[in-house]
Amino acid sequence: MKKTSIPLHRNPKLRSLAVQVSLLFLVFYALFSLYSTTVSNLEDRGIKTSIGFFDEIAPFKVGYSPFLDFKLGETTYIEVFFIGVMNTLLVAILGIIAATFLGFFIGILRTSNNWIASKFALVFVETFRNMPLLLQIMFWNFAIFLAFLPPPKKSIEMGLFYLNSRGLHTPLPVIEDNILSFIWFGIIIATIIGAFIFAKRAKNNFERTGKSVPVFYYSLIAIFGIGFLSFFALGKPLGVEIPVLGKFNFKGGGQLPLPLFSLWFALTVYTSAFIAENVRAGISSISKGQIEAARSIGLSRAQMVRMVILPQALRVVIPPTISQYLNLTKNSSLAIAVGFEEVVAVWANISLNQTGQALIIIAMTIIFYECCSLLTSFILNMYNKRVQIAGR
Amino acid sequence: MSENSTNFIKIPDREPPINSIGWLAWIRHNLFGSTTNTIITVLFFYFFYLYIPPFVDWAILNANISGSDRSVCDANKAGACWTFIKVRLDQLLFGLYFATNPEEIWRPIFVFALFGMLVVPLVIDSTPHKKWLLMILLTIYPVIFIAVVYGGVFGIPVSDTGQWGGLLLTFALAFVGIVLALPLGILLALGRRSEMPIVRALSITYIEFWRGTPLITILFMASVMLPLFFPSGVEFDKVVRAMIGITLFQSAYTAEAVRGGLQAIDKGQNEASMALGMGYWRRTMLIVLPQALKISIPSIVNTFIALFKDTSLVSIIGLLDLLKMSQNASRSLDWNGYDIEGYLFAGFVFWIFCFGMSSYSQKLEQKLDTDRRSE
Amino acid sequence: MTSTTAPKNSIDTDNAPIITIDKLNKWYGKFHVLKDIDLSVNKTEKIVICGPSGSGKSTLIRCINRLEVHQEGSIIVDGTELTDDVKHINEIRSDVGMVFQHFNLFPHLTVLENCTLAPIWVRKKSKIEADEIGMELLTKVRIPDQAHKYPGQLSGGQQQRVAIARALCMQPRVMLFDEPTSALDPEMIKEVLETMIELAESGMTMLVVTHEMGFANKVADRVIFMDEGQIVEQNDPGNFFNNPKSDRTKLFLSQILEH
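Chains as they are written, first to last, in our numbering: chain W, 1 to 392; chain P, 1001 to 1375; chain R, 2001 to 2259.
Please keep in mind that the hints were generated in silico from the structure rather than gathered at the bench. Fair warning: there could be bad hints in the mix.
Straight-line C-alpha distance at most 20 Å; calculated SDA-like pairs for lysine to any residue [unchecked claim]:
{"#": "1", "chain 1": "R", "residue 1": "Lys2124", "chain 2": "W", "residue 2": "Lys288"}
{"#": "2", "chain 1": "P", "residue 1": "Lys1077", "chain 2": "P", "residue 2": "Leu1096"}
{"#": "3", "chain 1": "W", "residue 1": "Lys119", "chain 2": "P", "residue 2": "Thr1036"}
{"#": "4", "chain 1": "W", "residue 1": "Lys288", "chain 2": "W", "residue 2": "Arg315"}
{"#": "5", "chain 1": "W", "residue 1": "Lys48", "chain 2": "W", "residue 2": "Asn353"}
{"#": "6", "chain 1": "W", "residue 1": "Lys200", "chain 2": "W", "residue 2": "Ile183"}
{"#": "7", "chain 1": "P", "residue 1": "Lys1077", "chain 2": "P", "residue 2": "Tyr1051"}
{"#": "8", "chain 1": "R", "residue 1": "Lys2127", "chain 2": "W", "residue 2": "Asn204"}
{"#": "9", "chain 1": "W", "residue 1": "Lys119", "chain 2": "P", "residue 2": "Thr1038"}
{"#": "10", "chain 1": "W", "residue 1": "Lys71", "chain 2": "W", "residue 2": "Phe54"}
{"#": "11", "chain 1": "W", "residue 1": "Lys154", "chain 2": "W", "residue 2": "Pro171"}
{"#": "12", "chain 1": "R", "residue 1": "Lys2124", "chain 2": "W", "residue 2": "Arg201"}
{"#": "13", "chain 1": "R", "residue 1": "Lys2125", "chain 2": "W", "residue 2": "Pro171"}
{"#": "14", "chain 1": "R", "residue 1": "Lys2030", "chain 2": "P", "residue 2": "Thr1036"}
{"#": "15", "chain 1": "P", "residue 1": "Lys1294", "chain 2": "P", "residue 2": "Asn1270"}
{"#": "16", "chain 1": "R", "residue 1": "Lys2030", "chain 2": "R", "residue 2": "Gln2071"}
{"#": "17", "chain 1": "W", "residue 1": "Lys200", "chain 2": "W", "residue 2": "Ser219"}
{"#": "18", "chain 1": "R", "residue 1": "Lys2149", "chain 2": "W", "residue 2": "Val387"}
{"#": "19", "chain 1": "R", "residue 1": "Lys2140", "chain 2": "R", "residue 2": "Leu2154"}
{"#": "20", "chain 1": "R", "residue 1": "Lys2127", "chain 2": "W", "residue 2": "Gln303"}
{"#": "21", "chain 1": "W", "residue 1": "Lys61", "chain 2": "W", "residue 2": "Thr75"}
{"#": "22", "chain 1": "P", "residue 1": "Lys1294", "chain 2": "P", "residue 2": "Trp1281"}
{"#": "23", "chain 1": "R", "residue 1": "Lys2125", "chain 2": "W", "residue 2": "Asn204"}
{"#": "24", "chain 1": "R", "residue 1": "Lys2245", "chain 2": "P", "residue 2": "Lys1077"}
{"#": "25", "chain 1": "W", "residue 1": "Lys119", "chain 2": "P", "residue 2": "Ile1052"}
{"#": "26", "chain 1": "R", "residue 1": "Lys2087", "chain 2": "W", "residue 2": "Lys48"}
{"#": "27", "chain 1": "P", "residue 1": "Lys1131", "chain 2": "P", "residue 2": "Ser1194"}
{"#": "28", "chain 1": "R", "residue 1": "Lys2149", "chain 2": "W", "residue 2": "Ser40"}
According to the in silico footprint, chain W covers these stretches of chain R (three or more CB under 8 Å from chain W) [to be verified]:
{"#": "29", "stretch": "2096 to 2102"}
{"#": "30", "stretch": "2112 to 2123"}
{"#": "31", "stretch": "2211 to 2218"}
Ideal placement from N, C-alpha and C gives every residue a C-beta, glycine not left out.
Given the sequences, and given the hints that come with them, work out the whole structure.
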């Protein structure tokens, strides 16, 4: 008995395999030929693609490097790369913190039952998210801050913070005695751990008896009290460096030069418009029935917000907000327009022009951003998994 | 049932108590509902009082619009200098080439007008044959655009792309981005949902690669590396390089928007068409894609808004888009010092387009939502 | 019901009405929804309110725990008048249980947590005690085995029984039901009605907006028919169904009993 055999080209499995293998081959061939043409093109221009330039001395100045000391004539290219990466991360973290606060504030205003507050938030959101970020960065930096902020001698004072046309100057803690500072940090950490143990016990006690203790306030008092006492007992191991007006500008303390300040400001405002929209969507995703049910069992307004509205709204708000954090990090690359020295400006632009090592430099820049992107997806997946376990 | 029934007497409707309706009640409820509410209202009024009147004074009441050079503005510093925008308007909208060749200026005006004529009916609900209109916009219109703006055919002189600029360039970059990225994005979205693992993996890698990288890096890559990718002798125009970078970047975002639409299509649609004996491509082209694309239009519009704003990044690689044009203008010797006006004008133009598109996409989303619910 | 769920002040025997509504008028904007409503409800009384949709019956019971605000007249619940005073409103709400048409369970909390949320935070009970009450009531509504699931994992009928248990956990003196079965499939309607009948037999004061005439006939002390925002007729179920006075009531009954 003979089985009717299927002609090879009509066997779906074989066909799909053939398609895939040839596609894979095509892609790799294309990538490889791109790579080899690029390398040979670079060689024609006298550039041999290799990572040898990492240890060469960078012949240009990087003005802002708070985490790595930059010395013209000593710092190498690879160090310049790390300075760029750290500056990117610095502005990203500053932006994320500020944009979260501003975004939640505007988003809550948007859902407020005060008409004027809600309309103000609407105008804020629609204004800032519908204009290019680059335009906003340049507007704040060139047209507003550079033009209207006073010179250093007439700085705007906000406590120990000084704002002028050179940037923002902040007080900065400095370690004066290594060992004693270390001990002091240890004491603080021990107090915080103690507070957690206390909170846990208070929770158990609450579950058993229903008597609640204001754990948060007690812990706060304990941490600050013990922190202060031990700080003086150890003879002030940490000092605060306050910016002091020098001949031309403030010296000492933390410095946010104007480009960084403008970038931070613009990123914060732009991203907060998107976060505010997420917050609005999250809060309005809660049905009226939920609020009525919470009221009908007698929860107070604060309890309703804490126990019913927030936990449900945050599930809707957090995932897109995490994506906004990634966008903010990527958008910080626009710093190049105002001259802040983050990774694209200092590496993909200046270093590339100096060395001509296009292939390696662009690849490293992209890999850095891909790492940020992968980290974000990882965090998002973790969050989604955790939420999925908790019902719904 | 008994016979002795009474008639139902309706109590006549009364007007509600005077303090619960009308604008007074509205104000009390929406502005002074509680103590916190009152405080918020007062704070906002104070804030508006501080900032709105001076701004209106500067931008409208005291503003300068007459004259044709800076002397008018310099004489009245209390108001905005819109004279500057008026004088430079041709450059800001159409770029240097068309501003310096007034006899050619009909060309950008023609393509903008044609675009308007195609888009306005698309936005209106009752227009018939929208599909065909959209097809014309995405296929024939780009050809007309190139023929008229670039020239070289029908005796229209060739324009120098190096001198393209202003809103025209912004528009050209964004439009090319969306038109070329759409087919690429659809293919990628189908690839990402393919049953062939290698196709799927390649699509995912491609999409996530472009989505993970900032556009500015891609533009650098396009302007620095693109010439290196090809054997020497192959030359690319600067504008074309930017267009290639933008298209690759945009295709990844379009793919994600289309994928959203594909995911929303009921599995049964695919199964039903399979039961009718359709092959993969027929199934996809005739049944699944038309429905998926319809659903994903709002998200595609949203990615287009993002792209439209992002085209401003080409100013960093030396193209003279609307943003760069207004910046250059306000830094030229003639108008040095009028930065704010330049940025505000460019910002306003961007805002009009983006806000219009986002309102449209929101409206569309609501409509799709109600359509689906009523089905 | 057992001692834990009996009304708080079950000792006092005076027969003062627990809810007194006097000349109640309410408008939505310019639309006059409730007109001159007078109603008093005695302790342990069971009242069924019926009427065509838009007749104001849901609005009426939602006014009783101030989910809706009225403009004229007064509502006195257990000796406290409903005004804007937040303290009074919260006191009344924790004494008046409410069951909604669409259950409105909290999707992010387990079934048991739904029940214990208010006892813990409003009644300041310990978690252990609240859990005990919660489990007891879940047993009453016959779903103790579902206690640690989330609402989304339950059927509609089960969800509605959880909603009843959640309201009972506050040991309310009055229970309000706003069309509790109209979002349910027929076989689930039965299980919810059985739970409500048991509750009625335990002596709870109940106001029920429903079209389940079988339930009204069996349980109600009084049936109220509303139309156009006013009370058209009220009577004991026997007279209401067999001997309606108003022509409007007759019409309504003929329509509803037809199928």
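Tell me if the straight-line CA distance from R:Lys2149 to W:Val387 falls inside 20 Å. Holds, because 15 Å separates the two Cα atoms, which is no more than 20 Å.
Are W:Lys119 and P:Thr1038 close enough, with their CA atoms no more than 20 Å apart? holds (16 Å)
Under the criterion that the straight-line Cα-Cα distance not exceed 20 Å, is the pair W:Lys288, W:Arg315 satisfied? holds (17 Å)
For the pair supplied as a hint, W:Lys154 and W:Pro171, is the alpha-carbon distance within the 20 Å limit? holds (18 Å)
Between the alpha carbons of R:Lys2030 and R:Gln2071, is the straight-line distance 20 Å or under? holds (12 Å)
Hint consistency between R:Lys2124 and W:Lys288 [alpha-carbon to alpha-carbon, up to 20 Å]: The given pair, whose Cα atoms are some 26 Å apart, is violated under the 20 Å limit.
For R:Lys2127 and W:Asn204, compute the direct alpha-carbon distance and say whether it is at most 20 Å. holds (9 Å)
With a cut-off of 20 Å on the C-alpha distance, tell me whether R:Lys2149 and W:Ser40 pass. This hinted pair is violated, its Cα atoms lying about 65 Å apart.
Need the status of pair P:Lys1077, P:Tyr1051: alpha-carbon distance at most 20 Å? This hinted pair holds, its Cα atoms lying about 18 Å apart.
Starting from P:Lys1294, check that the Cα of P:Trp1281 is at most 20 Å away, please. Holds: P:Lys1294 and P:Trp1281 sit about 18 Å apart, inside 20 Å.
Take the C-alpha atoms of W:Lys119 and P:Thr1036, compute the straight-line distance between them, and say whether it is at most 20 Å. Answer holds: W:Lys119 to P:Thr1036 is near 17 Å, not above 20 Å.
So if I understand the rule, the pair passes when the alpha-carbon distance is 20 Å or less; does R:Lys2127 with W:Gln303 pass? holds (16 Å)
In summary, the numbered hints that this structure violates are 1, 2, 6, 13, 14, 24, 26, 27, 28, 31.
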